[in-house]
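**Student:** Quick note on the UniProt record's numbering: the sequence shown kicks off at 1 and runs consecutively.
Derived by calculation from the structure, the hints in this document are not laboratory data. Source: prediction; values computed, not measured. Please note: incorrect hints may appear among the correct ones.
[Said to hold, decoys possible] Label-pair ranges, simulated between beta-carbon atoms: (1) Ala122 x Asp161: 32 to 42 Å; (2) Thr144 x Thr100: 37 to 47 Å; (3) His60 x Gly152: 24 to 34 Å.
Where is the CB? At the ideal position from N, CA and C, for every residue including glycine.
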Amino acid sequence: MSFSSRHFRDCLGQFATGVAVVTSRDTDGQKVGITINSFSSVSLEPPLVLFSVARSAATHDVFTGDVKHFCINVLRNSQKELAERFAAPIDDRWEDTRFTDNGHGMPVLLGNISTFSCVRHAIHDGGDHSIIVGQVNAVELGETGDPLLYYGGAYARLDRD
1 MSFSSRHFRD CLGQFATGVA VVTSRDTDGQ KVGITINSFS SVSLEPPLVL
51 FSVARSAATH DVFTGDVKHF CINVLRNSQK ELAERFAAPI DDRWEDTRFT
101 DNGHGMPVLL GNISTFSCVR HAIHDGGDHS IIVGQVNAVE LGETGDPLLY
151 YGGAYARLDR D
């Protein structure tokens, strides 16, 4: 490899992405969540989406283990604090977090732009990450507004000209 991991990461940071929080419950029923910017559509028929989670993430074993259901909550630009909370290694991230449960008992964050309720379809090796493919079994449009973006290593807002 003729480039450093840092340089690779800096170059990837030039691609603006949306920001989402993946939520679920562990096998003990405890709420879990992690901020991602790796959300992508895979297929319309069947409806498939993917996200990746670092193998070093505290929630990695939840999303790759026995738990099959999860929700992808696409964040609005006013939800930066929520993105930061679910990105940080803190124990009380659910304190004061507004949510409801979907039909499978998975937490859905309130105030987001859209929610994709999924059942895990596949897990693929992605180097230091696992790539999780979910089959979407329900979608919901949330509140209107612009999406929260991630660009150049920082949260950003859409600039509509």
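**Student:** Which constraints among the numbered hints does this structure fail? Numbers only, ascending.
**Tutor:** 2
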